[in-house]
Structures are given as C-alpha cells and as structure tokens.
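There are 2 protein chains.
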Amino acid sequence: MMSTTPVATAPDFADIVTAANRLSGHVHRTAVHASRSFNGMVGAEVFFKCENLQRAGSFKVRGAMNAVFSLDEPTARRGIITHSSGNHAAAVALAARERCVPAHIVVSNNAPRAKIESVRRYGGQLTLSEPTLAAREEAARRLLDSTGGTFIHPFDDARVIAGQGTATFELLDQVADIDVVLAPVSGGGLLSGTAIAAHGVSSAITVYGCEPALADDAARSFAMGTLEKNVSQATIADGLRASLSERTFGILRQHVNGIVTVSEDEIIHAMRLFWELFKLIIEPSCAVPVAALLAGRVDVAGRRVGVIITGGNVDLDALPWQKPLSTH
Amino acid sequence: MMSTTPVATAPDFADIVTAANRLSGHVHRTAVHASRSFNGMVGAEVFFKCENLQRAGSFKVRGAMNAVFSLDEPTARRGIITHSSGNHAAAVALAARERCVPAHIVVSNNAPRAKIESVRRYGGQLTLSEPTLAAREEAARRLLDSTGGTFIHPFDDARVIAGQGTATFELLDQVADIDVVLAPVSGGGLLSGTAIAAHGVSSAITVYGCEPALADDAARSFAMGTLEKNVSQATIADGLRASLSERTFGILRQHVNGIVTVSEDEIIHAMRLFWELFKLIIEPSCAVPVAALLAGRVDVAGRRVGVIITGGNVDLDALPWQKPLSTH
Numbered sequence: 248m249m250s251t252t253p254v255a256t257a258p259d260f261a262d263i264v265t266a267a268n269r270l271s272g273h274v275h276r277t278a279v280h281a282s283r284s285f286n287g288m289v290g291a292e293v294f295f296k297c298e299n300l301q302r303a304g305s306f307k308v309r310g311a312m313n314a315v316f317s318l319d320e321p322t323a324r325r326g327i328i329t330h331s332s333g334n335h336a337a338a339v340a341l342a343a344r345e346r347c348v349p350a351h352i353v354v355s356n357n358a359p360r361a362k363i364e365s366v367r368r369y370g371g372q373l374t375l376s377e378p379t380l381a382a383r384e385e386a387a388r389r390l391l392d393s394t395g396g397t398f399i400h401p402f403d404d405a406r407v408i409a410g411q412g413t414a415t416f417e418l419l420d421q422v423a424d425i426d427v428v429l430a431p432v433s434g435g436g437l438l439s440g441t442a443i444a445a446h447g448v449s450s451a452i453t454v455y456g457c458e459p460a461l462a463d464d465a466a467r468s469f470a471m472g473t474l475e476k477n478v479s480q481a482t483i484a485d486g487l488r489a490s491l492s493e494r495t496f497g498i499l500r501q502h503v504n505g506i507v508t509v510s511e512d513e514i515i516h517a518m519r520l521f522w523e524l525f526k527l528i529i530e531p532s533c534a535v536p537v538a539a540l541l542a543g544r545v546d547v548a549g550r551r552v553g554v555i556i557t558g559g560n561v562d563l564d565a566l567p568w569q570k571p572l573s574t575h
Numbered sequence: 248m249m250s251t252t253p254v255a256t257a258p259d260f261a262d263i264v265t266a267a268n269r270l271s272g273h274v275h276r277t278a279v280h281a282s283r284s285f286n287g288m289v290g291a292e293v294f295f296k297c298e299n300l301q302r303a304g305s306f307k308v309r310g311a312m313n314a315v316f317s318l319d320e321p322t323a324r325r326g327i328i329t330h331s332s333g334n335h336a337a338a339v340a341l342a343a344r345e346r347c348v349p350a351h352i353v354v355s356n357n358a359p360r361a362k363i364e365s366v367r368r369y370g371g372q373l374t375l376s377e378p379t380l381a382a383r384e385e386a387a388r389r390l391l392d393s394t395g396g397t398f399i400h401p402f403d404d405a406r407v408i409a410g411q412g413t414a415t416f417e418l419l420d421q422v423a424d425i426d427v428v429l430a431p432v433s434g435g436g437l438l439s440g441t442a443i444a445a446h447g448v449s450s451a452i453t454v455y456g457c458e459p460a461l462a463d464d465a466a467r468s469f470a471m472g473t474l475e476k477n478v479s480q481a482t483i484a485d486g487l488r489a490s491l492s493e494r495t496f497g498i499l500r501q502h503v504n505g506i507v508t509v510s511e512d513e514i515i516h517a518m519r520l521f522w523e524l525f526k527l528i529i530e531p532s533c534a535v536p537v538a539a540l541l542a543g544r545v546d547v548a549g550r551r552v553g554v555i556i557t558g559g560n561v562d563l564d565a566l567p568w569q570k571p572l573s574t575h
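First to last, the protein sequences are chains P and Z.
Take 248 as the starting number for the first sequence in this note's numbering and just add one per residue.
Take 248 as the starting number for the second sequence in this note's numbering and just add one per residue.
Some hints here could point you the wrong way.
Simulated DEER-style distance windows between Cβ atoms [what the hints assert, rightly or not]: (1) Q569(P) x R344(Z): 29 to 37 Å; (2) R276(Z) x A542(P): 27 to 35 Å; (3) R550(Z) x A565(P): 56 to 64 Å.
Because the hints were derived from the structure by calculation, they are not lab data.
Every residue gets a Cβ at the ideal spot worked out from N, C-alpha and C, and that includes glycine.
Chain P with its partners taken away, still in its complex shape (with noise of 0.2 Å):
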C-alpha cells in the first residue's frame, strides 16, 4: 500500500545548501540577466535568475533532482511517479534517466504540446489523464500500487521545496546585496524555496509572490488568514493553475511578506515586452512577476530585485499575442 504523503514537513535552510551540494554537475548554474531600459522602466535594479536556460527549459529539474537523487538505491530503482501539468513531467523524467531508474508520468492531456515532447525526450514513460487533478492523482495511485515506485509530488514535497530553493540560494551568491526577491506562485513550492533560502541569506531580504488575478489563491489566503483554494484557473499562466497546500500556505505565512496579483492583459504584455527586450523567451507564467514590476505593484524603487525566471516552454503556435485563426 503507497501512499502520495510527502515524506517530511518544512525544509530549513541547511536543507537548500544540501540540495545544491547534490545538484552540483546535475543542474546549470544558469545565468543572471540585466537590462538597462528595464531598469529605467521600473526605477531599480533587476536581476533576472534565467531558469528558463536550465536543463529541461525550468526550475522544476532542480526539485526533481533533489528528490530522485535522496532516494536510496534499492528505492530508487522501483521507479519514480508523478503527476504534473507541464514542466514538473520532464524534470522527473530527466532526473530519473539521470539515475538510470523508470518515470512514469501522468500528464493533463490538454498540456501544451512542447511540455509532452520533452518528456518523451527524457525517456519518461506517459500516461495521458483528463485535466483534473483528481484524475492526475488517480492515475498515479494506479501506477504506484502496480510499481512500488517513489511518488513526487510537484510542490507538497520538503525535497522539492529544498530543491527549488537552490534558484535562490545560486542568485544571491551571483549577485550581492539583493533588497527583495520576486517568485511566481501556484502550489507554493517554488516560493516556498525561495524565501526560505533568501531569509537563510539574509533576514532582511523581502519576499513577495506573484499571481495570476485569474488564479488567486495565494493573495484570498494571505488575505483571509486561511488557506483557500482557486474557484477559477482561466490563466493563459498554464503554470500557475495550482492552488497551496497546508504546508506551502504554512511555510509562506511565516517567510513571505506578500502576494500581488497582475491581470491577463498584464501578463501578455510583460511577456511579449521580455521577448523583445531580453531576446529570451519566457513562458507566461514567467511574465507574472515581470507584470508586476511593470504595473508598480511592488515597491522597488532604488532598490536591488531578484527575480525568478521559472521556465521558457512555450507552444510556439500559440503565442498570447495571436489573434486565434478560428476567428477569421
């Protein structure tokens, strides 16, 4: 009998540098980019952390990495099960070909076309699910009873948080004297990471997530003081549809100073504004934080900002700024 339980609580700081320790030769030290009109156009001093240049295009490979490298042998070799709607897939696919071991991943079977070629690429082996995650969760129990496999979770994990903490932990020793740290937020993993290892850093570090208004959460639970669920996931965000869980909520109440939502038309002009700029192709959820910078919805001015670029899969038919050809 398996069971979908993570396997600890609350990773700590000594936890990321751990992490980073395992993932040194598996991950890209990925690198920081800067630009001056953007700067001009938000009054600071960006630092743009470029997971969209990491291994299977996102931060994800960083949190599956960790995990499918803390297993033991024997563990290990039963295989690795997840379910996720994009790139979460192709990190576990990717981590466990690393340790030579099977991944069997269940995918929304509307996830965009690029997110389901590279877990392929990896050698993950797919099984297609309806949208839900109920239905994901469903076909993973399914292949956990008939394996014995490891299942990882795309964000409720300590490894996974541990993991996508070393983003951070990287930028703020590429980049010194950071006033304030900027992460997209979905089911928490991500930011949870990230403020653990900038407060690890530095106390004084701020945190802020960002959100889709369309996906929001994260900014109803910080809110109301308790931990609520999406009642719509109409994002073009695909990444950012997840809602916290206890542990994420937990973790981003006690190292998060706030969450700040942009709008759809926010979102696609930040990202379409990235491409032009940056000449670096970010996925929208990406764009989130960007948005928010461009909107003002965070205080930076004069100050030093990290920013997470999370991930740079992007289905190249369908851009946001298209007009759909249905319509003609």
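Following the hints, put chain Z in place on chain P, whose structure we already have.
Chain Z only, in chain P's frame:
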C-alpha cells in the same frame, strides 16, 4: 561635397585588436551558449556566440561603435548618417547617442517594425525611403550634403569590418581550440571581420559563409571567381539581402574556405528548433548557419565549431511558422 566612399581598404588583425580595446565598456562581452541535444543532432561540439544578446539586439553595434568612436571630435559633432535595412540603423543610432552626436538614419519603409522602433528608442532621426538600395543611397546623399556629417556604410567600410571581427576575436578567447567558424553572409562585413579575426588567432581555423539560396550572390561569386549580384532577395532572412562589395569579396576570397547555401524551409526549421532548444530568440538571418549545420552542408564531424549568432530582432506578429491571417 561629401562622398560615400569608405575611408580605407581592408582592415588587418591589428585593427580588430584595436577595435576590441576601443569597444570595451561600450558593448557587451556576450555569452556563449551550447546544447548537448544540438551537439548530438550534428555530431560536433558547437559554440554559439550570442550577439542576439548584444546591445541593440545584434552584432552591428560593434562595427558602428568602432566607426563612430574612431572619428575626431569636430568630425563626430557634425553627425553620423547611414542607410540600412535594419540592425545597422539601430546600432548607429545607439553609437551616436553614446558619443552624444546626432544620427540621421535612412530606413526602408518595409523594415520590420521592431527594427524601426529600436532606431527611435536610441534617439536616431529617421528618414524612411523606398526599399531599394538606390533610394536609400539618394536619401543618404541629401543628408550628407545638408549636414556635412560622416557616412557609415553597413558593411563596405574597414572600420565597420574591424568592429564586426571583434565578436569572433572574443569567441576565440572564450572557447579554446575552435576548428571551424561559421557566420552568415550578406554584404560580407561580418564574414570579412570574422575571417580576419579567426586567421589572426590561428591560420588552422577554417571559415565558412552561410547564405540563403534565395540570395546567393556570395556562393555564385565564389563559384564564378567574379563579383556577382543577387538576382533574388525573396528570402525570409531579411538581414541577408545585400550583395558583396569589391572590398568584401576580396577579403573573403583570401580568408574564407567556402560559401554554403540553405533553403527557406531549412531556415525556418532551424530558427524554430533553436528557439525551442535554447530558449533564445534569434532572427531568421542567424538561423542560416544553424540550418547549414543541421542540413550537413559543412563537414564538422567531431570538430569544435563556433557560430556567430547575429541578432534577435524579430517582428513577433509575423513569425515565419505562423500562417498568414489573410489567407483565412
């Protein structure tokens, strides 16, 4: 009476070293990107010198800065004039602004919107012309007569060629033991500088120019041994529609091992694959050497290959894999 005749014949390696020193602090030392997946596809180790991440979005700022900053003060104050189908225009505007002198830019009225906007962003004074070389030259001549300024040709200028060569000079410092260097060829300024820089570092390096089959003047000039002009400019690679000059043809005959051509479909496929694999935005012109590698036009098996990625200025409303809306 001003002339558009360039000031010198051909630069040598020492001119490139001088240019590299002159450009220090004015241009980015751009990153070099590589991909295990891409290397596997072409059976070589390929290092992409990412001038799409350069200031103003292309390598052109190197030649423009070198030319503008080599002028004496009274000459510079009378202003800079150029005509260009695109990236050179923005580059000259930026170089003139950095030297605090006026720039008058003649741009074809069919140039991509993003390129025209970047001239404006850098404070260049725009004169739109019909999209023929004769119309652009006539407009530039009128500006020269009225201002007494200095004309900086997009490629037929020794100062510009030396500046463009600094990209390869940097690349060969960043990556050891390169065997082969590839660059696209249009008017031949970049390829001339590339070849002089490569052979200045090591005479053992082989250099190839890569050209769209639909604008193949350089390939035909090499085959015939005489300077040929483009008979078609119908290529999607809008930065590669110019023909060689006597000067650049002379340099290329001395330093370049061959010219290879690729089809439009190969360019579009290579551009899209590069976006998906590297998460870096490249314009169609830069996809030409990428396409040459993917199509096996250059023998690179097991060798270390440098590729100059020239620019990232793309009209995001008119990507080549999008079906035109008007056909629906």
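Hint-by-hint comparison with the structure:
For Q569(P) and R344(Z), the Cβ-Cβ distance of about 33 Å falls inside the hinted range of 29 to 37 Å, so the restraint holds. The beta-carbon spacing between R276(Z) and A542(P), approximately 33 Å, falls within the hinted interval of 27 to 35 Å. Remark: the range hint 56 to 64 Å for R550(Z) to A565(P) is contradicted by a beta-carbon distance near 38 Å.
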